[in-house]
Every structure is written in structure tokens, then in C-alpha cells.
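Enquirer: Given these sequences and hints, build the entire structure.
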Amino acid sequence: MTSDQRDVLHRPAPPPDFTLRYGEHPDHVADVRLPEVQDAPLVLFVHGGFWRQEWDRAHAGPLSADLAARGYAVATIEFRRTGQTGGGWPGTFSDVAAAAVAVPDLLAKEVAHRGLRSVKVDRPILAGHSAGGHLALWYAAVAPDAVGGVVALAPVADLRRAYELDLDEGAVADLLGGAPDAVPTAYASADPMVNLPSGVQTVIVHGEDDDIVPVSLSRDYCRSARRAGDDTTLVELAGAGHFAVIDPLSGAWPAVLAAFGTVTRGERVG
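Sequence positions in the sequence shown follow my numbering and run 1 to 270.
Derived from the structure by calculation, the hints contain no laboratory data. Hints may contain errors.
[To be verified] Under the rule of at most 25 Å between Cα atoms (straight-line distance), these lysine to any residue pairs were calculated in the SDA-like manner:
1) K120 / G266
2) K120 / D231
3) K109 / P15
4) K109 / D231
5) K109 / A97
6) K120 / T19
7) K120 / G71
8) K109 / L20
9) K120 / T85
10) K109 / H28
11) K109 / A182
12) K109 / D166
13) K120 / D105
14) K120 / E110
15) K109 / V121
16) K109 / A69
17) K109 / G241
18) K120 / A258
19) K120 / Q38
20) K120 / G61
21) K120 / T262
22) K109 / R21
23) K109 / L167
24) K120 / A69
25) K109 / A65
26) K120 / A65
27) K120 / G91
28) K120 / P90
29) K120 / V37
30) K120 / W89
31) K109 / P90
32) K109 / R160
33) K109 / A258
34) K109 / A98
35) K109 / Q38
36) K120 / L20
37) K109 / A146
38) K109 / R123
As the structure is a computational prediction, the values presented were derived from the model and not from experiment.
Expert: Shown next, in the form of C-alpha cells:
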């Protein structure tokens, strides 16, 4: 079964089992979907949308629901984004970090309170798409001991290069507050490319036909990460565009599932 790739952005999905709150802002929440298995591995998923207010976690519903149906506990986190008060640097980043710290413990308590099947919350898998893939790579470098592995789907893995390419008409400058020369501290802190090695096993899945985030960013990141000593693998998918990697109906989806399986099992690739 196939889709036109973009239709996943508006496709209905089963609702979450419940929503957790990790902070005081209305967007300090995470939607949780649970599988029908005991001791399921936890995936913290960070949605894409070039860090902008226009896109929220709703479009990650099909991905999250499919992963839950396949035995993963999935918490899809929300966070402040550019265009919102407090979004951008550093608020977007502090939100993701706060969620990564708080949500596993909150989930464990909620599952116990509801008498549901237990979830393995220690060192969860951190995953994300596009801008969310960037945030997953960023947090893994910031707190490697707290992350069991990363699955990054078409990530914006090199912020300086993304700025030079003017991805999404200034998205990186909007996120960090300007050009690299204007806010060098923000780029030095926020760019996964300059914070290697992370020490966290990472699998990147990126479509070769991605015309929104070029696959060259992932190629360059993977080469740099491996040179730095990281266990980082790039899976390139011929004929796949930017949204295929979050679409359970696409031909790319088996490769995405394989990436989650590799990281869950801690298998070394290559």
C-alpha cells in the first residue's frame, strides 16, 4: 500500500491512550500510546515542522500508532516552537530536554496508577523526524547516558549548512536568532554536527529524493560521526521523499521499522 507521502500530515490516527503533562506551558505535554505487551521499550518521539508553530505533534499520530501496534510504548512530545513566546533558542531546546527527563518517570507512575502493562522507561529510544530528528541528535549529545539509542528520520543534522541552504526560508535563523556569525554560541550549542561524538548508537533513515531536507546533510553527519568514533549508520532509500519515512503506508516504512529494531536490540551495523 502506498500514499502520496504528504497525505500522512493530515491522516486521522487512533487517539492516544492518555496525555502526560511535563511542565506548565500548554505545549508541555506528551501523547502516550501503549502496546498490548509487557515491558515494552519506550520511544520518545519528537515531531518535525522546521521548529515552527504551524506544525504540532498531531501529524505524527499515524507513526506513533503504528509503532505502538508493533510493541513499542510511544510518547510523542510537544514543545514550544518558533512563532510562540518562549519558542526558539533556548526555549525549544529546554522543553525537549525537560520532556526527555520527566516523561519516562511520569509514564511509569501513570502506568502503575492505572494498573496497565509495565514499560521499560530506563534509557528510552529517542526518535524524531526532520527538525525533530535534529532535536533527537542534539539531546543525545547533551545527555548520552540518558538515551538508549537514536532513530533520526530525515533529520536537519547540520544547522550551519541548513542555514546556508536557507531551508524552509530562514527556519534555522528563526530558531537560533540569526546567522552563525551573529549568534555563534547558539550554533555551537545547538548543532549536532559540531557536538560529536555523542557516544549514542544512531540510525538515520533518509530518502534520496528528499527535496525538503537534502540527504547530503545526513551523509555528511554520518561521515563525521563515524570519524569521531560513533556507531552511526545511514540508511538511504531510493525513491523516497521527506514524508515517506514517517508514513506507515509508504514503501519506506519497513526500513524505518528495521532501524527501530536495530537500536532496540543494540546491534552494531557495519
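Enquirer: Hint by hint, say whether it matches the structure.
Expert: To see whether the hints hold, each was checked on the structure:
no. : hint        : result
1   : K120 / G266 : holds (15 Å)
2   : K120 / D231 : holds (23 Å)
3   : K109 / P15  : holds (21 Å)
4   : K109 / D231 : violated (33 Å)
5   : K109 / A97  : holds (19 Å)
6   : K120 / T19  : holds (18 Å)
7   : K120 / G71  : holds (12 Å)
8   : K109 / L20  : holds (11 Å)
9   : K120 / T85  : violated (34 Å)
10  : K109 / H28  : holds (18 Å)
11  : K109 / A182 : violated (44 Å)
12  : K109 / D166 : violated (43 Å)
13  : K120 / D105 : holds (10 Å)
14  : K120 / E110 : holds (13 Å)
15  : K109 / V121 : holds (11 Å)
16  : K109 / A69  : holds (22 Å)
17  : K109 / G241 : violated (39 Å)
18  : K120 / A258 : holds (20 Å)
19  : K120 / Q38  : holds (9 Å)
20  : K120 / G61  : holds (21 Å)
21  : K120 / T262 : holds (17 Å)
22  : K109 / R21  : holds (13 Å)
23  : K109 / L167 : violated (40 Å)
24  : K120 / A69  : holds (16 Å)
25  : K109 / A65  : holds (22 Å)
26  : K120 / A65  : holds (18 Å)
27  : K120 / G91  : violated (28 Å)
28  : K120 / P90  : violated (30 Å)
29  : K120 / V37  : holds (11 Å)
30  : K120 / W89  : violated (31 Å)
31  : K109 / P90  : violated (29 Å)
32  : K109 / R160 : violated (40 Å)
33  : K109 / A258 : violated (30 Å)
34  : K109 / A98  : holds (17 Å)
35  : K109 / Q38  : holds (15 Å)
36  : K120 / L20  : holds (17 Å)
37  : K109 / A146 : holds (18 Å)
38  : K109 / R123 : holds (16 Å)
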